[in-house]
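*Asks:* In case you want the letters, here they are:
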Amino acid sequence: MLQISEIDFSYGRRKAPVFEHFSLHFYPGHIYGLLGKNGTGKSTLLYLMSGLLRQQAGIVRFEGTDVRLRRPEVLQEMFLVPEEIDLPHVSMERYVELNACFYPRFDYEVLMRCMNDFDLDPKAKLDSLSMGQKKKAFMCFALATGCRLLLMDEPTNGLDIPSKSIFRQVVARHITDDRTLVVSTHQVNDVAMLLDHVVMLQGTHLLLNRSVADICAAVRCEERALNEPTDDALFVQNSLQGHAVVVENNDPDDETPLNLELLFCCAEAGKLPLCLTC
Amino acid sequence: MKNFSLKRMAQVMRITSCQNYKWFLNLSVAYLLAHFVGQALIFYTVCRSPVVEEWYIDSRMHSATGAFVMISVFLILGGISFTFEVLKEKNKRIAILMLPASNAEKFVARLLLCTVGVWLLNAVCVLLGDGLRQLIFLWSENPLGSALPSLWEFLVDRGTAFVQVMDAPFTAGHNPGWWEAVFALASSFMTYSFFLLGSAVFRKQAFILTGLCGVAITMAVAYVAGMVAGLFEYSYTPEEVNEFLVNVVPVMTIAEFLLGVGFVWLSYRLFARMTVVRRKLF
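If you're matching them up, the sequences are chains A and B in order.
The first sequence begins at 1 in my numbering and counts up by one.
The second sequence begins at 1001 in my numbering and counts up by one.
There's no promise every hint is true.
[Said to hold, decoys possible] Derived pair list, reagent style BS3-like, types lysine-lysine, alpha-carbon separation capped at 25 angstroms:
#1 A:125 <-> B:1088
#2 B:1022 <-> A:123
#3 A:37 <-> A:164
#4 A:164 <-> A:134
#5 A:134 <-> B:1002
#6 B:1022 <-> A:134
#7 A:125 <-> B:1002
#8 A:125 <-> B:1092
#9 A:15 <-> B:1088
#10 A:15 <-> B:1090
#11 A:164 <-> B:1022
#12 B:1204 <-> A:123
#13 A:134 <-> B:1088
[As the list claims (entries may be wrong)] Which bits of chain B does chain A cover? Going by a derived footprint, with three or more residues having C-beta under 8 angstroms, they are:
#14 1008-1016
#15 1027-1041
[To be verified] Pair by pair, the computed Cβ-Cβ distance ranges are:
#16 A:203 <-> B:1010: 45 to 53 angstroms
#17 B:1073 <-> A:177: 58 to 66 angstroms
#18 A:269 <-> B:1269: 40 to 48 angstroms
#19 A:15 <-> B:1240: 55 to 63 angstroms
#20 B:1136 <-> A:166: 28 to 36 angstroms
#21 B:1088 <-> A:27: 32 to 40 angstroms
#22 B:1089 <-> A:21: 31 to 39 angstroms
#23 B:1023 <-> A:241: 55 to 63 angstroms
#24 A:237 <-> B:1010: 51 to 59 angstroms
#25 A:169 <-> B:1073: 54 to 62 angstroms
#26 A:130 <-> B:1023: 18 to 26 angstroms
#27 B:1184 <-> A:14: 40 to 48 angstroms
#28 A:271 <-> B:1025: 53 to 61 angstroms
Everything labelled a hint here was simulated from the structure, so no lab data went into it.
Keep in mind that this is a model prediction, so the values were computed, not measured.
A virtual CB, placed ideally from N, CA and C, is assigned to each residue, including glycine.
Looking at chain A on its own, in the form it has when it is part of the complex (with noise of 0.2 angstroms):
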């Protein structure tokens, strides 16, 4: 669907580069996590997939066209939730009379079915909602658009308790087998059920690219009380109640839900098994 290959970018030529030689392909019907520290370029990386920004070297191409054209029948196809969101003085209705046309395949009842289940007024004026609320409203709009590839940044910041829930059921619900949907996220904990995919930044290069079954397949996340031996564990963390360990999965029939800020914390640290490694 994407393939992002062998990109070189900088904000300047005096500025540290943030991707050199980058390469990442995404495939139809993935949920995946885009993690990293603040400043690996989340955010640059989802900017690159979209056109928004230009890279000095390589090419990201949508279905084999060069992002940076933002041709028509590439931008219908490519819808992006930005952090945060600005929008404009009209109700939901008239927002989606004036943008529906751009987007062949959008769907109103899929909208009437999100913003139900967020508990929105689609009469509301968009600019009064609370921050939460825009992002709610944008959201539903991006799922409404039938584009097949969903791009969203931070979508769980500002959202309220139930809300992120709902926001995974909505997801789950209307990401199909021909859509893809890419969430950059700090937020581990509010999407990891969703994802089945995960990607690590680290630097200018990828840490972690996998499947969430390939991880399972290849480790374990543990938790083990203080006086339980960690000698086996690949990484260890503190916590309440004594440690939270990755260990190697030995057994591939016997997975642990994943947990994806001890992973996360894990490969930082370097400790992942090496056929999880880039």
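Chain B: place on chain A using the hints.
*Replies:* Structure of chain B alone, referenced to chain A:
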């Protein structure tokens, strides 16, 4: 899929005008106030006097026409300077750049709104400004009628003169009047497209910054031209200077027209290559 569709461009214009109607309302109020204040300043003294001679009223009407034209020129240049103003905010840049329309459609849509749209808006504000001035001065000691007939007369005169010049026969392949008229058009086009380019480059305070750049460039060109002329120690007669100017006007007209086209093309290139995070050159 076509890279330029009139239907999609119309949709972009619709979305731009509907989603930014508050901004257009503010602009309308500013334009109306500018015309009203211009007229009020000119007619204030006349309205205060109980008896005013005919010739003085005529001269005020001419001044009012001049004010309408001058203010309109400033407002129209100001309007074109607003073409890319909306893109100064990151979120709005994302919204516009991610809209599924081609760069050309988005560019032409904005250009049309800030040219044809602003011209129409200015014309309406001229009418309303004149009406408002009459309404407010209605209770003065000497209320005066509309200045619009005088403006209309001026525009018809200029239009007729232009058509006559363009229609005049060329004598021995030469017609200075024709070239001067085309030169004026080319100058206007170049100035207009220069302000369009300024909008693409600066975005914030584009009108002021572009105006300052224009003044600086004009001064630099005049200085260099003066220096070049000073190199030849020969005192030219006024006839020689006139002849030189007549010969140089066609060259300058073509140069200005090409520069104007270049400025429009450069503005489009800057828009098409615009990114969500700008390098801070300015």
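*Asks:* Look at each hint and say if it fits the structure.
*Replies:* Against the structure, the hints:
no.	hint	result
1	A:125 <-> B:1088	holds (23 angstroms)
2	B:1022 <-> A:123	holds (19 angstroms)
3	A:37 <-> A:164	holds (22 angstroms)
4	A:164 <-> A:134	holds (14 angstroms)
5	A:134 <-> B:1002	violated (33 angstroms)
6	B:1022 <-> A:134	holds (19 angstroms)
7	A:125 <-> B:1002	violated (34 angstroms)
8	A:125 <-> B:1092	holds (17 angstroms)
9	A:15 <-> B:1088	holds (23 angstroms)
10	A:15 <-> B:1090	holds (21 angstroms)
11	A:164 <-> B:1022	violated (34 angstroms)
12	B:1204 <-> A:123	violated (33 angstroms)
13	A:134 <-> B:1088	holds (21 angstroms)
14	1008-1016	holds (count 4)
15	1027-1041	violated (count 0)
16	A:203 <-> B:1010: 45 to 53 angstroms	holds (47 angstroms)
17	B:1073 <-> A:177: 58 to 66 angstroms	holds (60 angstroms)
18	A:269 <-> B:1269: 40 to 48 angstroms	holds (47 angstroms)
19	A:15 <-> B:1240: 55 to 63 angstroms	holds (57 angstroms)
20	B:1136 <-> A:166: 28 to 36 angstroms	violated (57 angstroms)
21	B:1088 <-> A:27: 32 to 40 angstroms	holds (37 angstroms)
22	B:1089 <-> A:21: 31 to 39 angstroms	holds (33 angstroms)
23	B:1023 <-> A:241: 55 to 63 angstroms	holds (57 angstroms)
24	A:237 <-> B:1010: 51 to 59 angstroms	holds (58 angstroms)
25	A:169 <-> B:1073: 54 to 62 angstroms	holds (59 angstroms)
26	A:130 <-> B:1023: 18 to 26 angstroms	holds (23 angstroms)
27	B:1184 <-> A:14: 40 to 48 angstroms	holds (46 angstroms)
28	A:271 <-> B:1025: 53 to 61 angstroms	holds (60 angstroms)
Of the hints listed earlier, those the structure fails to meet are numbers 5, 7, 11, 12, 15, 20, in rising order.
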